[in-house]
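Listed here are the chains, written in short residue letters.
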Amino acid sequence: MRETPVTPVQVTGTVLTTRRVDAYHALTVVAPGIAERFRPGHFVSVAVGGAQTSTLTRRAFSIHDVKPDYGGTVEFVFTVRGPGTAWLAERRARDTLDLVGPLGRPFPLPRDPVTCVLVGGEYGSATLFAVADALQRRGCRVDFVLGAASADRVFGALRARRMGETTTLTTEDGSLGLRGRVTDVLPGVIADVRADAVYACGPMPMLRGVTAVAVEFDIPVQVAVEERMACGIGVCMTCVLPVIGDDGVTRMVRSCVEGPVFRGERVRFDDVGTIPFDALGAPGGGSRNVG
Amino acid sequence: MSVDMRTYLGHVELVNPIITAAGCAASGSELAQFFDLGRIGALTTRSITMAPRAGRPTPRMAETPSGMLNAIGLQGPGVDAFLERELPWLAQRSVRTVVSIGGGTVAEYTALARRLTDAPGVSAVEVNLSCPNIEDRGRVFARDGAASAEVIASVRSVMRYDVPVVAKLSPDVMDVVSVARACVDGGADALSMINNPLGMSIDTEAMRPSLAAVTGGLSGPAIRPLAVRCVWQVHAALPSVPIIGMGGVLTGRDAFELVLAGACVVAVGTALFHDPYACLRILRELEELLAARGFHRLADAVGLAHRPPGAPTRHRIDLEESSL
Numbered sequence: 001m002r003e004t005p006v007t008p009v010q011v012t013g014t015v016l017t018t019r020r021v022d023a024y025h026a027l028t029v030v031a032p033g034i035a036e037r038f039r040p041g042h043f044v045s046v047a048v049g050g051a052q053t054s055t056l057t058r059r060a061f062s063i064h065d066v067k068p069d070y071g072g073t074v075e076f077v078f079t080v081r082g083p084g085t086a087w088l089a090e091r092r093a094r095d096t097l098d099l100v101g102p103l104g105r106p107f108p109l110p111r112d113p114v115t116c117v118l119v120g121g122e123y124g125s126a127t128l129f130a131v132a133d134a135l136q137r138r139g140c141r142v143d144f145v146l147g148a149a150s151a152d153r154v155f156g157a158l159r160a161r162r163m164g165e166t167t168t169l170t171t172e173d174g175s176l177g178l179r180g181r182v183t184d185v186l187p188g189v190i191a192d193v194r195a196d197a198v199y200a201c202g203p204m205p206m207l208r209g210v211t212a213v214a215v216e217f218d219i220p221v222q223v224a225v226e227e228r229m230a231c232g233i234g235v236c237m238t239c240v241l242p243v244i245g246d247d248g249v250t251r252m253v254r255s256c257v258e259g260p261v262f263r264g265e266r267v268r269f270d271d272v273g274t275i276p277f278d279a280l281g282a283p284g285g286g287s288r289n290v291g
Numbered sequence: 001m002s003v004d005m006r007t008y009l010g011h012v013e014l015v016n017p018i019i020t021a022a023g024c025a026a027s028g029s030e031l032a033q034f035f036d037l038g039r040i041g042a043l044t045t046r047s048i049t050m051a052p053r054a055g056r057p058t059p060r061m062a063e064t065p066s067g068m069l070n071a072i073g074l075q076g077p078g079v080d081a082f083l084e085r086e087l088p089w090l091a092q093r094s095v096r097t098v099v100s101i102g103g104g105t106v107a108e109y110t111a112l113a114r115r116l117t118d119a120p121g122v123s124a125v126e127v128n129l130s131c132p133n134i135e136d137r138g139r140v141f142a143r144d145g146a147a148s149a150e151v152i153a154s155v156r157s158v159m160r161y162d163v164p165v166v167a168k169l170s171p172d173v174m175d176v177v178s179v180a181r182a183c184v185d186g187g188a189d190a191l192s193m194i195n196n197p198l199g200m201s202i203d204t205e206a207m208r209p210s211l212a213a214v215t216g217g218l219s220g221p222a223i224r225p226l227a228v229r230c231v232w233q234v235h236a237a238l239p240s241v242p243i244i245g246m247g248g249v250l251t252g253r254d255a256f257e258l259v260l261a262g263a264c265v266v267a268v269g270t271a272l273f274h275d276p277y278a279c280l281r282i283l284r285e286l287e288e289l290l291a292a293r294g295f296h297r298l299a300d301a302v303g304l305a306h307r308p309p310g311a312p313t314r315h316r317i318d319l320e321e322s323s324l
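Those protein sequence lines, which keep their order, are chains A and B.
Going by UniProt numbering, the first sequence opens with residue 1, and the numbers climb by one from there.
Going by UniProt numbering, the second sequence opens with residue 1, and the numbers climb by one from there.
Excised from the complex, chain A in its bound form:
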């Protein structure tokens, strides 16, 4: 099921366009080396603050779109959360950005033309459109379920309506679509469209809920997690979460290189933010706790 990893490259890309999309920002950057290697689910890491920056950790964003213009462009979507993303939001056309990518393991795609439900929370849906495109090219039926706290935080509703066989929207305040969460409507959608697989990206609690629904229906679920990272290339060891391996052993794996896409039922969502006692190398689990 796993695809062979591609070699990432570092690119000093030129910003082509910047745009506001409701509550979010989208930056399109000319980055040919990244665009040509891209597969759905990949992400990029971006250095923020310019050449003399005092902000050393890179920011990771899933790739929303790649286009062949100018040799290849990538677009990513973000929201301002701190000084790093605030700096990014101030970028204008022709500014340069230091990008590394494509990073991570992409979404595995089914061999057969099956029916897939794509679930996105907040701007996590940005990564799903490339998945939808790849699925449709394989003859798969695609249905969307997108949700967020409010209407301006649902990303890509229009595009989902254009691409998806059906699109169900939810907002917690009821300002768009159905009032509630994606997990409230997901069982109905899966039953109605007789879904064979679920793809999801969004906040961790949503992924946990989506996985629970998919497990209930006994269909495979692929989730792309959004963990905080410093490097994006597997060296800083900060983005780990407990995942059960093929051998049944739970390991603290890096979401940047072993992920960000995981089989939902393998992620121990209840234990994210902890070291489960039965994880390989857990304190007291037969190994001595040093450091």
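To be clear, the hints were calculated from the coordinates, so they are not data collected in a lab.
In this text the structure is predicted, and so the values were computed from the model without any measurement.
Each residue gets a CB set at the ideal place from its N, CA and C atoms; glycine is no exception.
There may be inaccurate statements among the hints.
[What the hints assert, rightly or not] Computed footprint of chain A on chain B, listed as stretches where at least three residues anywhere in the stretch have a Cβ under 8 Å from a Cβ of chain A: (1) 53-66; (2) 304-311.
[What the hints assert, rightly or not] Which residues of chain A face chain B? A few of them, derived with a C-beta cut under 10 Å, are: (3) 58; (4) 80; (5) 83; (6) 84; (7) 86; (8) 173; (9) 174; (10) 175; (11) 235; (12) 251; (13) 280.
Put chain B on the given structure of chain A with help from the hints.
Chain B in isolation, oriented as in the chain A frame:
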């Protein structure tokens, strides 16, 4: 004009002085996607422990001005998996490898050294002394010269004679020179400094510590003056001992600063998170700086800032050779 960048760690020759810092290059293969690891002086592994370690819970990282706090907790596969997979991978590619080891007791360090003794591909062993000493109520070895010396002496006694043993020192001590001297007396062939000083930050939104482990190691340019001071003091006291300098090196200028303070090898850590090519860029910048100042050899610049005021800059201080 090219500069002779060769340097020595004990009697081990490195093609150039830029190496990775412990715990900042994972298994090596991650960085090998970007550049040929043979082009840097050496790769330092993460601190290898006897048993696999899952490390600390997340959040493990908090960004701070010109740096970051980390509390990884020595996550790693354990020595068996390291010797089975990671070290052979590096050895096959002829990557000069400094193996960092971490333990909770003198016996654990010694057992690790014994496992490494017969392993091909170990250029040097760096002893991470910033681990809590289980036999001393969790006080880290590096805070205590006697405990540090005991570990170093024990590791030195079992390690092959031709593999240098490097003691990694912490700046969180009353007197770094006395710990350094104790380690050298215990048999350390070289010293590396500085390990991360402990720091802490509080998330003012959540009104809780930012890190799950509460405190973490501070790294990045924020600690560079601390590193320069430690290297300076230790080099002044022990001028014949090779020093691996590290702490917030982002550019060739930063590396040059540590070289002038007395380091003959410079390790790059946090910069790798920001720029996977940092080592090669820093190496190029350092070489250009040396050439621009008329140096023919890196060795001529090591510790040069210690010369008396008014002394000529081309004054040659033979530190590398003296350690042979």
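Structure-based check of all given hints:
Only residues whose beta carbon comes within less than 8 Å of a beta carbon in chain A count, and the segment 53-66 of chain B has 12; three or more means the coverage holds. A count of 0 residues in the segment 304-311 of chain B with a Cβ less than 8 Å from any Cβ of chain A is obtained; the coverage claim is therefore unmet, three being the minimum. With 10 Å as the threshold, the beta carbon of residue 58 of chain A comes within range of chain B, its nearest partner Cβ sitting at about 6 Å, so the hint holds. Taking 10 Å as the C-beta contact cut-off toward chain B, the hint placing residue 80 of chain A at the interface is violated, the least distance being around 14 Å.
Given the 10 Å rule on beta carbons, the hint for residue 83 of chain A holds: about 9 Å separates it from the nearest Cβ of chain B. For residue 84 of chain A, the suggested interface contact is upheld, since its CB lies about 8 Å from the closest CB of chain B, less than 10 Å. Interface restraint check for residue 86 of chain A: the shortest CB-CB distance to chain B comes to about 13 Å, outside 10 Å, so the restraint is violated. Look at residue 173 of chain A: its Cβ only gets to about 22 Å from chain B, farther than 10 Å, so that hint breaks.
For residue 174 of chain A, the interface hint is violated, since its Cβ never comes within 10 Å of a Cβ in chain B; the closest pair sits about 27 Å apart. Restraint check, residue 175 of chain A versus chain B: the minimum CB separation of about 25 Å is more than 10 Å; hint violated. Using the Cβ-Cβ criterion of 10 Å, the hint placing residue 235 of chain A at the interface with chain B is satisfied: the shortest such distance is roughly 5 Å. Interface restraint check for residue 251 of chain A: the shortest CB-CB distance to chain B comes to about 8 Å, inside 10 Å, so the restraint holds.
Evaluation of the residue 280 of chain A hint against chain B yields a held restraint, the C-beta minimum of about 5 Å falling below 10 Å.
In summary, the numbered hints that this structure violates are 2, 4, 7, 8, 9 and 10.
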